[in-house]
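S.K.: First to last, the sequence lines map onto chains A and X.
Sequential numbering of the first sequence, starting at 1, is according to this note's numbering.
Sequential numbering of the second sequence, starting at 346, is according to this note's numbering.
Possibly wrong hints are sitting among the right ones.
[What the hints assert, rightly or not] Short, incomplete list of chain X residues facing chain A, as computed with Cβ under 10 Å:
| # | residue |
| --- | --- |
| 1 | Arg398 |
| 2 | Leu401 |
| 3 | Tyr431 |
| 4 | Asn459 |
| 5 | Pro568 |
| 6 | Pro588 |
| 7 | Arg590 |
| 8 | Met592 |
Hints listed in this document are in silico derivations from the structure and should not be mistaken for laboratory results.
Note that the structure is predicted; figures quoted are calculated from it, not measured.
Idealized CB from N, CA, C, for every residue including glycine.
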Amino acid sequence: MELLLIGWATSRPITNLPLMVIDYDQSQTSREFVTALVNTGTFALEGYTWEMSTVEEKLERGQIYAAVIFPPDFSEQLAIASGRPTLQVLLNGAESSPALEASRSIEGVTRDFGEHITLDRLGLSPGDLAGFVPSLRMWFNEKLSEAYYTTPAELALMLEFTILLFAALSFSRERELGTLEQLLVMPFSSLEIIAGKAIPVILIGFADFVFLLGVVHFAFDVPVRGSLGLLLFLAVVYIFVELGKGMVISVLSRTQHQAFLLVMLVAMIDLMFTGYAVPVESMPVFLQYLANLIPAHHWLTIVRGILLKGAGIAVLWPSVLTLIVLGLMIGTFSLAFVRKALNWE
Amino acid sequence: MSEQIANHTIFARGLSKRFGDFTAVNRIDFEVRAGEVFGFLGPNGSGKTTTIRMMLGLIQPTEGSVEVLGIPVSGNPELIRPRVGYMSQRFSLYNDLTVSQNLTFYGKAYGLENDLLQERMQNAVEMAGLVGQEKTRTRDLAGGWRQRLALGAAILHKPELIFLDEPTAGVDPVSRRAFWDLLYKLVTEGTTIFVTTHYMDEAEHCHRLAFIQRGNIIAHGTPDQIKAQNMSGQVLEIAPDDPERAMIVLRNAMQIDSLPLEEVSLYGALLHVIAKDMQIIKGDISSLLEDSGIKVEHAAVIEPSLEDVFISSMR
């Protein structure tokens, strides 16, 4: 089942990356160019705008992956033999695979487009003209550094795995060793037992996150462009979310081994929906909706947003709000579930 | 009924637990009096542990009720738990903690502090015979010592009632003996003990017993009462020179009804034969064996042991 789901979501080529266009040229040529881009399947046209600020904002929020800006003389320059048509392309460099795919796609279309135009209108062979070269710019990751893509995501996911695993082992370990029953007949309330299990997990998870953030920043030169305080606060929120999931796994499992396998299952599903391997936008629409229910998806958006984009709460609020709401839901359910499991073993 | 409850440390009526279609415990009634060792006997999977878990409020009975220390367990486990001790079937201490760390954890869990905690811990260490080993991790202790340490931890808070679930399973006979000596010492101090076991010799040591089989209590009372009520015949102990062949001969006779026997079982190198009116057929048994070429060195009617009763009533 999991294999099918992952296969379904990841086997597909990267498609439907949202694209925004600023067309100062307003010509048939520029429209044809956009159509050609969309026809590659890599992009889905999000819309046209006149405002650079709209493009910037949407890139920051992760609502679009790429923007194409046609200068006013685009078609004019293209039409004359000695013209030097230019085109500006902005890409979201915070995520590796879609960015590379997008740039490949744009380069391909540009080359193709250039050749067609020259052949059609001037009757010259492709070699006679230099064509035109789009000026590509990777936002948020100007150097297109691999560390920028991977380390923030790994930082985010490492926190999830650490918390899930530690929490999942908490009760399953006691049950496997036979000490759980003993613990339950002691004069502790179930809340005290849960707190006793949760506090070390929270402390270990937070210390782990701070340490890894230090490594990512100092050893891999990944910037912290946004607010460190906000990041740490949201890390704590996220810790509670995963703690809740881990605790439920923990009371469901009879052995540590079983708990470990369940953590792997949950973590793999989460990993798929984080956009770490394949952007969520390329997934089937149904799975895109599902992704919104995965806390790790929002957490990854937040970590990338704060580290690479310098995004603040004004930009990140949808993810933050969703994370908090999901956290409250998971937390409430998990607390009730674990208490029930502990009270009536 | 309230008078009865007042005199009983445990009072169970119609107690049942079903897991789906499987009935683990079937409407059992029993009571445990203050200050006695109450043995709960049964083969593996007969419902012993399930019954203990219901008494501790770890699982909810499907039907019926049980009162522990005069308090209905259902809904009030938190009132009962501080006053009882529990030693589970599995080794119940933390293996990666030392002897004294385990005891400290138990003691503090039950609200013991400072001098009182130190004193009780010292007693427990002495009782378990672990003086000088306080810094040893419990995983490195031998079985008998671990069991005694677990008992020491379970009684650190001086509970009025202790539940012991197969406490001596897998422990050598000398250590078992030492363990039971500790239990008697606790009883003289006024503690009530509820112990499950499948060792028959241990059952003889209990003040009162209940036999449980497939969730049903099939006998209940003192060892003597149980022997009197549940043995339909007398036991003839025979010492033949070939016990196995003697058993086959007698079982054949039992099957073809040539002798009115109820049970023939091996008892080490001896045979135990159960029958009504043993004095009358005793001679027939001996002559049947002699006719089959088996020499009988000795044959005598003896007091039935609990094992005889157990085997006879488990049939």
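S.K.: Hint by hint, note whether the structure agrees.
M.R.: Status of each hint after checking the structure:
1. The criterion of a C-beta within 10 Å of any C-beta in chain A is met by X/Arg398, whose closest approach is roughly 7 Å, and the hint holds.
2. Of the supplied interface hints, the one on X/Leu401 holds, with its beta-carbon coming within about 5 Å of a beta-carbon of chain A, less than 10 Å.
3. Because the smallest distance between the Cβ of X/Tyr431 and any Cβ of chain A comes to about 5 Å, under 10 Å, the interface hint for this residue holds.
4. Taken as an interface hint, X/Asn459 does not check out: its beta carbon lies about 19 Å from the nearest beta carbon of chain A, beyond 10 Å.
5. With its C-beta approaching chain A no nearer than about 29 Å, X/Pro568 sits outside the 10 Å limit, and its interface hint is violated.
6. Using the Cβ-Cβ criterion of 10 Å, the hint placing X/Pro588 at the interface with chain A is not satisfied: the shortest such distance is roughly 40 Å.
7. Nearest Cβ of chain A to the Cβ of X/Arg590: about 45 Å, over the 10 Å cut. The hint is violated.
8. This hint is violated: X/Met592 has a C-beta 40 Å from the nearest C-beta of chain A, more than the 10 Å allowed.
Hints 4, 5, 6, 7, 8 from the earlier list are contradicted by this structure; the remaining hints agree with it.
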